[in-house]
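S.K.: Chain L is already provided as a structure; the job is to place chains P and Z on it using the hints.
The chain contents come next:
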Amino acid sequence: MTGLGAQMHALVERLYPLCRSITGDGVRDTLDIVGEYVPLTVHEVPSGTQVLDWTVPQEWNIRDAYIADATGKRVVDFAASSLHVLGYSVPVSATMPLSELRGHLHTLPEHPSWVPYRTSYYTPDWGFCLAQETLDALPDGEYEVCIDSTLADGHLTYAEHVIHGQVPDEVIFSCHVCHPSLANDNLAGIAVATSLARALAEQKPYYTYRFIYAPGTIGAITWLARNAQRVNGASPAHGGRPARAKPSVGEGPRAGGKVKHGLVLACAGDPGRLTYKQSRRGDAEIDRVLRHVLAASERPHQVVEFTPYGYDERQYCSPGFDLGVGSLSRTPYAAYPEYHTSADNPDFVSPAAMADTLAVCREACAVLDRNRRYRNLSPYGEPQLGRRGLYDALGGRSDTKQAQLAMLWVLNLSDGEHDLLHVAERSGLPFDTVAAAAGALHGAGLIEA
Amino acid sequence: MTGLGAQMHALVERLYPLCRSITGDGVRDTLDIVGEYVPLTVHEVPSGTQVLDWTVPQEWNIRDAYIADATGKRVVDFAASSLHVLGYSVPVSATMPLSELRGHLHTLPEHPSWVPYRTSYYTPDWGFCLAQETLDALPDGEYEVCIDSTLADGHLTYAEHVIHGQVPDEVIFSCHVCHPSLANDNLAGIAVATSLARALAEQKPYYTYRFIYAPGTIGAITWLARNAQRVNGASPAHGGRPARAKPSVGEGPRAGGKVKHGLVLACAGDPGRLTYKQSRRGDAEIDRVLRHVLAASERPHQVVEFTPYGYDERQYCSPGFDLGVGSLSRTPYAAYPEYHTSADNPDFVSPAAMADTLAVCREACAVLDRNRRYRNLSPYGEPQLGRRGLYDALGGRSDTKQAQLAMLWVLNLSDGEHDLLHVAERSGLPFDTVAAAAGALHGAGLIEA
Amino acid sequence: MTGLGAQMHALVERLYPLCRSITGDGVRDTLDIVGEYVPLTVHEVPSGTQVLDWTVPQEWNIRDAYIADATGKRVVDFAASSLHVLGYSVPVSATMPLSELRGHLHTLPEHPSWVPYRTSYYTPDWGFCLAQETLDALPDGEYEVCIDSTLADGHLTYAEHVIHGQVPDEVIFSCHVCHPSLANDNLAGIAVATSLARALAEQKPYYTYRFIYAPGTIGAITWLARNAQRVNGASPAHGGRPARAKPSVGEGPRAGGKVKHGLVLACAGDPGRLTYKQSRRGDAEIDRVLRHVLAASERPHQVVEFTPYGYDERQYCSPGFDLGVGSLSRTPYAAYPEYHTSADNPDFVSPAAMADTLAVCREACAVLDRNRRYRNLSPYGEPQLGRRGLYDALGGRSDTKQAQLAMLWVLNLSDGEHDLLHVAERSGLPFDTVAAAAGALHGAGLIEA
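Read top to bottom, the protein sequences are chains L, P and Z. Heads up: the first sequence at position 114 corresponds to 102 in my numbering, and the numbers run straight through without jumps. Heads up: the second sequence at position 134 corresponds to 122 in my numbering, and the numbers run straight through without jumps. Heads up: the third sequence at position 325 corresponds to 313 in my numbering, and the numbers run straight through without jumps.
Hints were generated in silico from the structure; no laboratory data involved. Warning: the hint list may mix true and false statements.
[Said to hold, decoys possible] One-sided excerpt, in silico: chain Z residues whose CB lies under 7 Å from chain L:
1) Y110
2) W114
3) V150
4) P296
5) Y297
6) Q303
7) P307
For each residue, glycine too, the CB sits at the ideal point set by N, CA and C.
One chain only, chain L, in its complex shape (with noise of 0.2 Å):
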C-alpha cells in the first residue's frame, strides 16, 4: 500500500504544474499523462454542442500572464502557478494605475499568503489571484498587464477507461479534471481513481466499471448527455419534461449495460477522516455498501446525506437521473481552510491518506461484486448440510463455527428479497463470511442466483 500510496503522490506531483480548466490543452495533457497509467478513450465534444440544458462553451487556452511594475519587473507570473490568472480569462494586455487594476484582483484576506482558485466561465471577464501580503507589497503606480489567452470554438475534452466483467451493468467512478494547480481537488481523486482502475484490470470483476475523467459539471453533464441510454431508465430531454425528447448528442446511446452504482471521488488525500455523502436516494445499494465497508473496517469516518451541491453527484443524482451514486471523499467539498486555495498543494496529500481511500474502494468494489440476492431451492425447513459434506468438515473452530452460522443465514434470508450484505447486516457476520458461506451453499445446488 505504501508503494501505492508513493506511486499516486507522484502522479499528483506530475499533474500538479498543469494550467487544467473546463476545456483546453491543460484537459488534454493531463489525459495524456493518465493515459500512461491506463489506457483512455478521450472524447472531444465541439463547442456549441447542446447537452442537456448546456452549451458546451468555447475552448479556453493560455499561454502566458503577468503583472510587471514600472521597471517590467513580473510581480504576478502565470509561470509561476497556474492559480494566478482567472480561470477562462480574455485576453488582456493593457497598462493602469494600480487603483484601475485592483477591480480584477483577488486575494484571500484571512490568509494572506495563501493565493486564491477563481474562475469566470460563463461571464467574460478577466483577473489576477494573488496573495494579500504580495498585493499589500505593490506600490501605488502603472502596471503593465498580459494576458496571452485564447477563447474560441474548440472543444470539451472527457475520457474513459473501462474494465469489462461478467456482466455488462455498470459501476462508474467519475472524477473532475477541470481544477489547475489544486491537489486534493482534484489531482488525488484521479490518482486513486487511475489505481483502481489498475488493481481492477488484475482481476476479471462481476460489474463492468467505468472511470470517467471529465471537466465538473459541463462535462459531466456531456457525458450524461452523451450516455443517457446507459443511464437506467431514463431518457432526458433539454431542459423539457422527462420523455419529451430524445438525446440526440454526438455519439448517442450505446448497446449495454446500465449504470447500476457509482461513485463520485474528491477530495481523496487529505489527513482527514473519510466522508461518504450518500445518493439522492440515501438507501441504493451504493449506500449500503459503503456505510458497512465503514463501519466493518472501523476506520474514523462519517456518513453524510446527500445534498445538491458539491461535486459531480449533484448530476448524477438530478431528479431525471437519480443514480445510485455517492460520493467519497476524505474531509469533504469547502470544508477545509486550504480548499481552493494554493495551499492545496502536494503537501497537503498524503501517500497514506490516498492509500487509505484507495483501499476503501477496492473493499467497497469487493463487496459490491459480490452482493447478490439468492433463493434457497430448499425453503421448506432447513436443507440436511451434513449429508452434503458442509456440515462435516465443521469443527469447533470459530472460523468454521462462523461459516456455519453464515450458511444458516444465507439459507434462512434467501428468498429473492435480501441480499448477502443485508445477510451479513442483519447477522452481524462479516461479508466475507457470508459470501464464502453463499458460495458453498451454490456449489452445493442449495441456493441459486
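M.R.: Chains P and Z only, in chain L's frame:
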C-alpha cells in the same frame, strides 16, 4: 401584536358574562358580538333534527336562578356568575332544608374559593355550583331555590365565516362557543379565531378559509352532518355502516371545495407553552406544518399525539371522516387547575399569550398556503441557472447563498412527490427561503406546480 | 401457582432418568408419562420416510453401556446417567487400552465434575461422556467397553394434543422431547407446555391450540412435512423449488385450520430472566403479543431478534414456511454454563421459574385469543354513548374513567386496520381494559368483528 392582543382581550371580557350553553340565547348573543368583528352566517337547526348518531336537543334558556336564605337574601345568585347554575338545569322553585339541597350542590373542596363548572345536558337534573367556603358558611335551615329556566323545542345555533381563496379547497378553524363564563376555555379561542379571520381577509389566500363557531360535540356533529360532502370522500350514515345511507340533514351538501386541513382552537390564552395535538393521521400536512412552524419559531412548545378525547378534533378525526385536523392550544384540555372553574376568568388569559397563539396560526397559514408540490421541467442534470439570471443576481452574501442553495434543493426534490415543506425540512433552510426559490424557478419556467 | 410449579417440577423429576433421543423407546416412555396428564395422539413414522429434505433415520435403542476396569468394576455406567453414552452410539463390545479408549471419551475440562451431553446422529460413531475428574482418576491399562444398543429400521415418534377452539385456526406450542437427562433443556419446556394445555382445556378458547411434542430438528421437520397444508399458504417441495412438488408424506394434509401463531418452549425453568426470541418476521402478531405481555407485566425480560439457530423455530421460520412462531425461554439456548451438561439437572430448574413461564404463556394466550380487528359501525363522529347506557354507568372512579377512554379509543381506531393490541399500545391502556371496552361496544352493536 400588542394592539391585537389587547383587542382580543377586550373581546374576551365582553363575552365573559354571557351564559352560553349548547343551545340558547347565550350562544346567539355571543355570535351577535363576534359578528361585529367578522360577518357571520348563522345557522339555526331545529330541536329533534337527527345529526349523525345524535339528535339536536331541546333549547335551554335561563333568566334567573338563586338560592335564598330564610331572610330572602340570595346566598348564591346566577346574576353574579353564569357558572352558579348547573348547565341545562330543569326549572325548579321550592323551599327545602340545606340537608336536602346539598344533593344538588357542586363545590371544589380542593379549591375552596373557586366555583366549578358543571352541566347535565342529556340527563334531566338541576343544581347549583358554588364555592366550598360559601357552602361552609351556610347555616342549616330552610332555603328557597329558584331556577327560572326553560327547556323546549327550539334550535341549535352555530355560525360560519368564510374567506374565499384562490381555490375552493378549504382550511377550517373550529372553536366551541358553548362554555359560559370561562375565559381560556374558550373565549380566548373565539378571540384568536376572529382576529385570524380579520387578518386573512386582508389578503387573497390560496385556500378558502372557513371559521366555524359551534357548540362543542353536538355543534361539531351538526356541522359535520350538514357538510358531509365538504369532507373529502366521506359519506356518513346515521349510526350505520359507511356508505349505507346518505346524509339527509338540513341544507345538504353544497358545491365547492373539500376540507383539506383544519385546526381546532381552544385554551388559546393561558400563560403556558403552546401545545399542538396532531390529527389522528399524525402525518397529515397540517401536522407537518404545525411541527415545522413551532420548531422553526423556537417557541417553547410541545407536540402531542392524537387522543380521542379533548375538543372537537374528536369529531373531525372520527374514523369515518379522519380529517387532517389538529388542535392548537396553550396548556391543553384539563391540564391546568383553573380548568372548568371560576378561576378561568379574564385575568387568567393575557393579551400577549393570545397574540402569540394568533402569530403561530398566521405563520401556519402562511406555510400551508404556499406549500405545494412542483415538478422540475429540466430534471436531467442541473439546468443552467446563470443564463436565466438566477445565478448572476447572487453575490456572496449569506442570504443570497441561501437563496441559491434553496433553488438547487427545490430543483433536486421537485419530482412531483415532495412538497416545499419537505424541501425545507430536508435542506434545513427556512420555508420562506424555499418558497421564494420556488417562486423564482417558477417564474423562470423551470418548475411547474 | 406454587401448586402448579410443584406439579411441573414433579413431572420433570419423573421424566429425568429416561434416555431420550431423536428416536426410540425413551421418547415413547416420555410420551406415555405426559399422556397421563393430557391425552396425546402419538404418531410413528417409519425409518426411511422422506421428510422435506431429510430422511427419518434408523431407530436407536439402548439397554446397557459401561466402561469396566480390569477388575470388572464399572467406572462409567449408563445406569447412573443416560448422558454417559454418546447419543446414537453404534453397539460396541471390546477391550482396549485407555490410550485407545481416549479417542471415544468426551469430558469438559473447564467443569471437571460435570458430564457433557454429546450425540452423533448422522455419522456412525460410539463414545462415552464422563467427568474430567473421573477420567483423570483412571489408571492406564485395559478397559472393557460395552454399548448394548441397536440401530435398526423402526420409527420416529412424536405426539400431539389438540384443544379445539371456537375457530379452526391454530396456535401451536412446540417442545422438543429428544434430550436425555437434561432438565431445563427440555423437561421444563415439556412440563410448562403440559400444564398450559391443562389450563386451556378448562376453557373454550377462541383459537384451536395444538401442542407438539417432537424430537428436535428431525421431529419438527417430520411434523412440518406431514402438516404442510396446515401451514398457511405453504406447499413445500422436497429440496426443490417452492410449488414445484407437493408433499407426499404420511397422512397428508388434513382439513381444518391454518397455523396462525406459535411458540417454541425451551429452557423454561432456569432462574434467569425471561427471553422472547421473535419470529423471523419480527412483526408477527405473536411477536407483538409477547412484547406487550412482557412489557406490561414488568417482569425482567429481554426480547431478542430472530436468528436461524436455536430450537425448532429454525424450522417453523425457514423461509418457505415463515410462520409467526417465536420462542419463549428463560436463559436462552447455549447461554448458561450448565447447558448440555449433567449440571442441567432437576436442581437447576425451580417450581417458581416454571410457574412464571407458564403464567406468561397464559397471559399471552389470553391476549392472543381476544385480539381482533373491529369495525366501527358508527364511524362518522362519536356515537352517543349516553343513550346506550355506556356513559351513565360510569362514575368518576379511575377504573370507570379508563373504561370510558378505552371505548373512545376502540371506536376511534376500529377502522378494520387496527387490532385491539394496537389500541392498547397506542392508548397506553391495559389490554384487559381495551378488550372489555370492545366487548361492551360489541354488545351495544357499535362495532363488528
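S.K.: Evaluate each hint against the coordinates.
M.R.: Tested hints:
no.	hint	verdict
1	Y110	holds, 5 Å
2	W114	violated, 18 Å
3	V150	violated, 22 Å
4	P296	holds, 4 Å
5	Y297	holds, 6 Å
6	Q303	holds, 5 Å
7	P307	holds, 4 Å
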